[in-house]
Amino acid sequence: MKRLFPAPWLSLALWALWLLLNLSLSAGNLLLGAALAILAPLMFAPLRPLPVRIRRPGVILKLFFLVGRDVVMSNIAVALGVLRAGSKPPRSRFVKIPLDLRDANGLAALSMITTVVPGTIWSELALDRSVLLLHVFDLDDDAQFIEHFKTAYERPLMEIFE
Amino acid sequence: MNSVGELSLWIEIPVAVLLVLSSLFALCGAIGLLRLKEFFQRMHPPALASTLGAWGVALASIVYFSALKSTPVLHAWLIPILLSITVPVTTLLLARTSLFRKRMAGEDVPAEVSSGGRSENGN
Numbered sequence: 001m002k003r004l005f006p007a008p009w010l011s012l013a014l015w016a017l018w019l020l021l022n023l024s025l026s027a028g029n030l031l032l033g034a035a036l037a038i039l040a041p042l043m044f045a046p047l048r049p050l051p052v053r054i055r056r057p058g059v060i061l062k063l064f065f066l067v068g069r070d071v072v073m074s075n076i077a078v079a080l081g082v083l084r085a086g087s088k089p090p091r092s093r094f095v096k097i098p099l100d101l102r103d104a105n106g107l108a109a110l111s112m113i114t115t116v117v118p119g120t121i122w123s124e125l126a127l128d129r130s131v132l133l134l135h136v137f138d139l140d141d142d143a144q145f146i147e148h149f150k151t152a153y154e155r156p157l158m159e160i161f162e
Numbered sequence: 001m002n003s004v005g006e007l008s009l010w011i012e013i014p015v016a017v018l019l020v021l022s023s024l025f026a027l028c029g030a031i032g033l034l035r036l037k038e039f040f041q042r043m044h045p046p047a048l049a050s051t052l053g054a055w056g057v058a059l060a061s062i063v064y065f066s067a068l069k070s071t072p073v074l075h076a077w078l079i080p081i082l083l084s085i086t087v088p089v090t091t092l093l094l095a096r097t098s099l100f101r102k103r104m105a106g107e108d109v110p111a112e113v114s115s116g117g118r119s120e121n122g123n
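These protein sequences, in sequence, are chains B and W.
Numbering follows full-length UniProt numbering, in which position 50 of the first sequence is assigned residue number 50; successive positions increment by one, without gaps.
Numbering follows full-length UniProt numbering, in which position 94 of the second sequence is assigned residue number 94; successive positions increment by one, without gaps.
Bear in mind the hints are in silico, worked out from the structure with no lab data behind them.
Treat the hints with care, since some could be wrong.
Okay, derived cross-link-like pairs now, DSS-like style, lysine-lysine, Cα gap no bigger than 30 Å in a straight line [stated by the list, open to error]:
#, chain 1, residue 1, chain 2, residue 2
1, B, Lys62, B, Lys88
2, B, Lys96, W, Lys69
3, W, Lys102, B, Lys150
4, B, Lys88, W, Lys69
5, W, Lys102, B, Lys96
Which residues of chain W face chain B? A few of them, derived with a C-beta cut under 10 Å, are [said to hold, decoys possible]:
#, residue
6, Ser8
7, Trp10
8, His44
9, Pro45
10, Pro46
11, Leu52
12, Trp55
13, Ile81
14, Leu82
15, Pro88
Where a beta carbon is used, it is the ideal one built from N, C-alpha and C, also for glycine.
Take the sequences, apply the hints, and build the full model.
The structure is reproduced here in structure tokens:
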């Protein structure tokens with residue numbers, strides 16, 4: 001079982017993806033999707049040496065909705081910032097954030113979050129993963145932003161991945 | 001597809017509002033790209049189109065076609081999911097390349113955050 005499904009969650013996601021894309025639950029599509037779900041993780045196994053261990057589904061759900069809310073707020077903030085750019089230029093600058101999260105998969109998730117939130121851009125990660133350089137579109141208070149970043153995103157990711 | 005006329009107004013209004021709102025966000029993104037001057041500042045607005053812009057259109061499509069076919073038609077939701085997985089790759093590449101070039105040109109950007117050695121992404 002372990003040999004056939006090295007990444008059971010990935011297999012399940014691929015299977016669901018295939019069925020959703022085809023919008024059908026016919027026997028043929030169920031079989032084709034299952035073939036994809038079994039073959040793809042086996043083929044990609046040599047590329048990903050780090051197995052993902054995901055815990056605390058409740059935290060994942062909470063993080064999901066928090067990020068969703070932040071994305072909407074940040075969208076509105078950036079849109080207003082763009083429209084007002086003539087009279088009141090946005091205070092864009094780089095912020096150095098000390099990181100406690102070390103897990104590579106967790107960091108990948110963190111980079112996805114920063115990219116999906118329009119107001120932040122993941123710019124550089126230190127080699128030892130201790131510092132993150134982030135570009136922020138409109139920043140008022142550095143310390144407050146870092147505090148929000150660490151409590152809202154980093155801590156839940158540490159709970160999920162570490 | 002069937003004609004639009006057979007859907008109730010209660011479906012058409014939210015769908016229209018969603019479409020107009022999300023296209024306004026995408027328009028703001030384009031205006032931002034045009035009007036802002038500095039490179040890193042200009043990287044922010046296009047994200048409006050790939051987040052709320054895309055989410056709104058996907059949601060509108062789900063509502064409209066689910067109502068039209070009287071069953072949940074959810075596959076449009078895959079677009080925002082796949083976008084949020086793939087967009088970080090290009091954003092990261094652009095940001096890293098620009099930082100590298102600006103440092104080479106001696107422009108006003110922060111120095112490398114890792115002490116010593118080449119800088120790389122950890123993921």
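Evaluated hints:
{"no.": "1", "hint": "B:Lys62 <-> B:Lys88", "verdict": "violated, 35 Å"}
{"no.": "2", "hint": "B:Lys96 <-> W:Lys69", "verdict": "violated, 50 Å"}
{"no.": "3", "hint": "W:Lys102 <-> B:Lys150", "verdict": "holds, 28 Å"}
{"no.": "4", "hint": "B:Lys88 <-> W:Lys69", "verdict": "violated, 48 Å"}
{"no.": "5", "hint": "W:Lys102 <-> B:Lys96", "verdict": "holds, 18 Å"}
{"no.": "6", "hint": "Ser8", "verdict": "violated, 24 Å"}
{"no.": "7", "hint": "Trp10", "verdict": "violated, 23 Å"}
{"no.": "8", "hint": "His44", "verdict": "holds, 4 Å"}
{"no.": "9", "hint": "Pro45", "verdict": "holds, 5 Å"}
{"no.": "10", "hint": "Pro46", "verdict": "holds, 8 Å"}
{"no.": "11", "hint": "Leu52", "verdict": "holds, 4 Å"}
{"no.": "12", "hint": "Trp55", "verdict": "holds, 8 Å"}
{"no.": "13", "hint": "Ile81", "verdict": "holds, 9 Å"}
{"no.": "14", "hint": "Leu82", "verdict": "holds, 9 Å"}
{"no.": "15", "hint": "Pro88", "verdict": "holds, 4 Å"}
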